[in-house]
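2 protein chains.
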Amino acid sequence: MPAAFDDTDLLCVNTIRTLALDAVEQAKSGHPGLPMGCAPLAHVLFSRHLRFNPADPAWPGRDRFVLSAGHGCMLLYSMLHLTGYDLPLSELKRFRQWGSLTPGHPEYGHTVGVETTTGPLGQGAGTAIGMAVAGKHLEAIYGPEAGFRVFALVSDGDLMEGVSGEASSLAGHLELDNLVFFYDDNGVSIDGDTTLAFTEDRAARYAAYGWNTTTVLDGNDLAELDAAISAAAEHRGSPSFVSVKTIIGFGSSDAGTSRAHSDARGPEQQAQTKRTLGFDPDKFFVVPDAVPERYAEAAVRGAALEERWQAELDAHPQAAELRRMHAGDTPAIELERFSVGDPIATRAASGKLIAQIEGQVPELVGGSADLTPSNNTRPPGWEDFQPATRRGRYLRFGVREHAMTTIVNGLALSYLRPYGGTFFNFMDYAKPAVRLAALMNIPSIWVYTHDSVGLGEDGPTHQPVEQLATLRATPNVAVFRPADANETVEGWRLALARRSPTALVLTRQALPILDPDRYPVADAARGGYVLEGDDDPQVILIATGSEVHVAMGARTILGERGIRSRVVSLPCWELFEEQPESYRTAVLPPEIDARVTVEAAATVGWERYAGLRGAVVGLDRFGASAPGATVLAELGFTPERVDEAADRVLAAAADRV
Amino acid sequence: MPAAFDDTDLLCVNTIRTLALDAVEQAKSGHPGLPMGCAPLAHVLFSRHLRFNPADPAWPGRDRFVLSAGHGCMLLYSMLHLTGYDLPLSELKRFRQWGSLTPGHPEYGHTVGVETTTGPLGQGAGTAIGMAVAGKHLEAIYGPEAGFRVFALVSDGDLMEGVSGEASSLAGHLELDNLVFFYDDNGVSIDGDTTLAFTEDRAARYAAYGWNTTTVLDGNDLAELDAAISAAAEHRGSPSFVSVKTIIGFGSSDAGTSRAHSDARGPEQQAQTKRTLGFDPDKFFVVPDAVPERYAEAAVRGAALEERWQAELDAHPQAAELRRMHAGDTPAIELERFSVGDPIATRAASGKLIAQIEGQVPELVGGSADLTPSNNTRPPGWEDFQPATRRGRYLRFGVREHAMTTIVNGLALSYLRPYGGTFFNFMDYAKPAVRLAALMNIPSIWVYTHDSVGLGEDGPTHQPVEQLATLRATPNVAVFRPADANETVEGWRLALARRSPTALVLTRQALPILDPDRYPVADAARGGYVLEGDDDPQVILIATGSEVHVAMGARTILGERGIRSRVVSLPCWELFEEQPESYRTAVLPPEIDARVTVEAAATVGWERYAGLRGAVVGLDRFGASAPGATVLAELGFTPERVDEAADRVLAAAADRV
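Chains A and B, in that order, are what the protein sequence lines are.
The numbers in numbering that gives the first Met the number 0 rise by one with no breaks, and the one at position 296 of the first sequence is 295.
The numbers in numbering that gives the first Met the number 0 rise by one with no breaks, and the one at position 650 of the second sequence is 649.
It is possible that some hints are incorrect.
One copy or two, either will do: identical chains are not told apart, so a pair holds if it fits within one copy or between any two.
For lysine to any residue, the following SDA-like pairs were computed, each having C-alpha atoms within a straight-line distance of at most 25 Å [unchecked claim]: (1) K27 to I343; (2) K351 to S261; (3) K351 to A331; (4) K244 to G209; (5) K351 to S373; (6) K244 to G255; (7) K27 to L634; (8) K92 to L634; (9) K27 to A509; (10) K27 to A347.
To be clear, the hints were calculated from the coordinates, so they are not data collected in a lab.
Using the sequences and the accompanying hints, generate a full structural model.
The structure is reproduced here in C-alpha cells:
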C-alpha cells in the first residue's frame, strides 16, 4: 500500500508550476502551459517511480525520461533542479539566455540529465522508442542489469506528427513493454482548441497499434496518477499509452485555453497565478525547503538502486564488455581491402563490409526501411530483433524512414552502434531526425543507397538530386560518397570512428574497383586526395562517387590530346576541409583556376571547389526513368562532356593570360 | 440491380495482368505484383464506377483516381490505354525507357490521365485528401458542378508512412465523404511478409481517425468489389477505407510472396503465368478486342456525363469564373507598397499582403500547421474550412507539416491557389512533398516564417541553418527571402504569377522598411539588384533577407573609411539566374573579385557569388537559444564583422595585383 499523498506533495507540484511561470516571465518568452498542467504527473513520476541517481546522471541502469514536448522544458529543468541534478537555481533564472544551461528546448549534451534533444514535435516519441528497443535488446543479451525502462511525455502535437505514428506502430509490433507514453491530453494547441483539427480517437489509435491504453481522468489527482503509472510500468506484453486529462496553464486565469500555451502574460497574471497556487506574488523562484527534501527521498532510493546495480555488474561475466559499451568505446576494426576484380556496386561493398564488422563490434545493430535486399544492410547469419528474438541485431523498420532514423538516434544514445538504410532520396522523409542527430552530435550511421540518377528505371521520384547539398549544409554530418569498394572501406572506418553522424552515400550500379596497389585509396580517409595525374596539371578534375570514373575517362581523353590533368577524388567534403591547409593546397593548388567538378547531383555548393572560373558539371533538373547508364549519359555524365568542359575552362584561362 | 459480371470482365482483368507482366519482362525492371493483384479492383472501378472521359482527360467534373502506390504504375498505364486515353500500346512496350510516356512511376504532366506524381510512398494518399478538400470546397461555393470525387489506391507502404496517417487523421476530422481509399491488403512488402514489421490493425486505426471502414474478403470477387465500391462511394458523413484482401502477383507461381513485388522473373515464369491466366505464352502485349469494347461503355457514359455537366456549367451564374479557374488563369493582382514607418517583420508584411490578395483571387485558400498566430497566414474575416463550413477558405492543418504540404499539392492540382505556413525549419518535415510539387511543377506556395537564428529564444531545434541550401538545390523551386516589407510584395507577386512552386522565407523579427522612393525595391522582381552603392565599387556586399540591413550597415562603415562599396540584395537566386547576362554582370561585375556575401544560414552554395577570392559570412554550426538580436550578434551577423571580412578580401585582392 503506497503512502498517501500529503500537503508536501501539493507544495512540490505548485513549486514546479511557479518555477515555470517565473522563468517564462523573467525571459519574457517560453511555454508555461505544459509545466503547469503536467506538474502533478512529473511530481508523482519523479518522486515515486523513476529510477535515477542525480549523483551519477549517466548510470546506465536508470530509467529514461523523455520530454517529447520539448517546449515544456521548464518542467524538466525544474525536476532536474529539484531532484538534485547539477542544475542550480541561478540557471533557471537565466532561462533562454545566451550561454545558459536552460535553453528554449532541452538539449542533449548541454544540460545534465537531458536524455535527448527535443522540440521538433514527434522526435522524442520516436527516440524514446529507440531507447526502449535498446533496453530490450541489451537485456536479452546481457541480462537485467543491461536493460532499462523508458517513460515519455507526449503532447497533442507529438501525436499529430506522422513520425510518432510510424514509430508507435513499430513499438506495438515489437511489444516493447519497457515503454510508457504519458499523453498530455489538454485539449489545446497553438491555433486553439484541438477540436479545430484533431478529433480522432487517440487511445483507439494506440490500441490499434497494439498498445495497452488507460486514462487518467483527473490529471491533478495524485493518487489516480500514481495508480496509473504503476499499472502501466507493470504491464507486460506491450507498451502502454496513458492518456492524462490535464488543464494547460493550471492556476492561471488563462488555464485551459491556447493563451496559456506560450509566452509571458505579464506581472499581473503572474501575481494572480501565484496567489491562486498559494505562493507569495512578490517573491520569485521560490523553492520551499520541504520540496527538495521530498525529492531527496527518491534520490536516496536511486543511489541505493545504483549501488546494487554496480555490485551486480561487477559480478557479471561480461562486465568489461558492458563497461566498454557504456563508455562508448567502439572497438578498433580491421577491414580487408578489395582486390581488383569484377566491378561491384558500393552498396554491395558496404554489405560485405558490414559482414566483416559485425563480429568485431558486438554493439553494431542495424536495419532498413523495408529495402533490405536493395540496401545490402543485413549480414549473413543475423537474426531479426522481434518479440520472440530480442537478441537479434537486425531491425525490420517497415516503410518508415523517419521512425527508423529516430529509433537509430535512440539506439545511438543507448550504448549501441546503429545504422539504418534506405534509398538516398528518401533521406528527405527522415530529415528532421537526421538534423537532431547532427545537433546532438551522436554517431548515428545512415546507409543511403541508390545515390543518383544512375539508379535508373525507377525514375525521378526515386532519384536524388538535392540531397547531397542538404546534408553538406547540415552541420556536424560527414557525408561520404565513395568512388569504389575500397573508398567504401574508408567510409565505414570513418563512420565507426566518429562520434558524430555519418552518411554513407552508395551506388546501386556496379563500379570498377580502384586497385589499391596502384591508387592511394587509403587517402580517402582524408576526405579528398589526388587519385591520379600530373604534378603540374593544366586542369584539375574533381569528382565524387561514380563520377570519379567519368573524370578518369576524361583524363584519358585529355591525355590523348596532350593536356595534363589531375583527378581528385573528394568523397567527403567535411573531412577534407578538416585537413591542414598545406594538404588541401597540395591537392587543389589555389593558383590553378582551370577546374572541372563532376557529380551527378545539384550543382549548389560546387563553386567552393570550381571557383567562378571553373566548370561545374552537375544536375539542375530532375532525372528520368530509363536504364541507369542511359540516364547518366543523356544527362551529360560522360568523359566526353567533362572533356568539353575542361576545354572551355582552359580556353577561358588562356584568354585571361 | 447491376448487370452480372461475365467472361469478358474476367478477360479484362487478365489482360491488365498480362500487360503488366509483359511490360516488366520487356523492361527487365518494374513491379508486376500490384497490377496483377489489383487488376480486379481496377477493372470494376473503371468499368462501373469511375466518371471519366478519355476524350477530355481534363474534364473538371471527372472523378480522380490516384495510384498512391506508384510503383504499380503498369496498372494505371494499362487502364489508361484500355479505356481509350491517348496512351498507345507502343508506349506500354517502351515501359521505363528514355523518353517514353510510361516512366517507372506515374508522372503528372508527362502522361495523360495521371492526376498526380506518385512513387514516394504516402504522397498520393495525402495529395488525394487535398483533392477531396478542393472538391468539397468548390462544391460548397459553386454548387455540385464544381465538385468531384476522389478514389485512391494505397498499399502497405503508403499506410506505414507517417504522412498518410497525418493526412488521414485530418480527412476524418474534415468528414470528406467524397473520398475513398482502397487498401491493397496483400500481406507483403519488399522485406517479406508484413508480419515482419506491420501488424497493427489498420482498419481499427482508420476507424479511430473517424473513417467508415469495410473489407473485401476476396479481392478477386468482382461482385464483392462492386458492392463495396458502391457502398463506399455512397457513404455520407466520412471518408471510406475499403480493405481489399488481394494476392500479390496473382497468376504467377510467386503469387502471395515478396518475390512477386518487383523485378522481372524471366521468360519461364512469364510463360507459366500467361498460361495460368489463359493467355498464349508466345504472344506479348495482347489486348483482345472485347476488352477495349467493354471499357468503351464506360467512356461513352463518361462523355454523356460530361455533356450534361458542360450544359449545366453553361447555365451557371459564375460560369466565367469557374472556367477561368479551371484554365488556371490566376487574376492579376494589385498590391500596395509599404511606405516608410515602423519596422515590420516580413511575416507580418506577408500577412497584410494576403489580406490584400484574398479579395482579388477568390481561389486563394491557405492555412498553417498550427502556427497561425506566428505565420500570419489568416486574413481577417476568413472562415475555417470545417465540416459545417465548407465555404471557409482557411485550413487548420494541425501540427502536420507533411500532410499540409501534400494537401496543398492536391489543392494546387484542383484549380485552387493554395498556401501553407510553418516555421522554416519544419520545412524539413514536409520535404518529400515539397519535392513532389517541384517535380510536378505545380504552383504550391509555402509561407515559411522564423527564417533564421534571428528567431531567438526557441533555440537551435527551431532555427533553420541548412534549409535555404536544400531548397536552392531543389529544381524548379523559387526561394524568395525578402529584405523588407516591400521586397515581400514582390515575393507574393512572384508566387501568384508562377506556375511552379514558391517558398517565401520570412523573418520573425521586425526589419526596417526600405523606402520605395529611395531604393529600387521593385527590382526585387528580378531576383537580385543593386540596392545602393557606387558605380565603381571596390567591394560588393551581397545579402538576402534580414542580412541586407547588416550589409547596409557595413557599407556605412566602409564609406566612413573611404572605401567604395555596393550592396546587392539577392532575394531569389533562381529569378536572378534567369535574367539576361548583361543584367547579371551589371549587378555583379565579373572583374570585381572582392565580394562578401552575408546570410544567416549555411555557407554551402554562396561561393557561387563570392567566388574563391571572396568571403562568405554565414553559419556552419547550429544556432543557440537567446534573444534573437543577441544570437545574430554572437554568431557574427553585424556590420562590424562584415566590414572586417571586406577588409580581408580587399587586402587579398591588393596582394594579387
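Okay, the hints, checked on the actual structure:
no., hint, result
1, K27 to I343, "between (59 Å within a copy, 20 Å between copies)"
2, K351 to S261, "between (51 Å within a copy, 24 Å between copies)"
3, K351 to A331, "within (18 Å within a copy, 60 Å between copies)"
4, K244 to G209, "both (22 Å within a copy, 21 Å between copies)"
5, K351 to S373, "within (13 Å within a copy, 50 Å between copies)"
6, K244 to G255, "within (11 Å within a copy, 45 Å between copies)"
7, K27 to L634, "between (54 Å within a copy, 22 Å between copies)"
8, K92 to L634, "between (58 Å within a copy, 23 Å between copies)"
9, K27 to A509, "between (58 Å within a copy, 17 Å between copies)"
10, K27 to A347, "between (55 Å within a copy, 20 Å between copies)"
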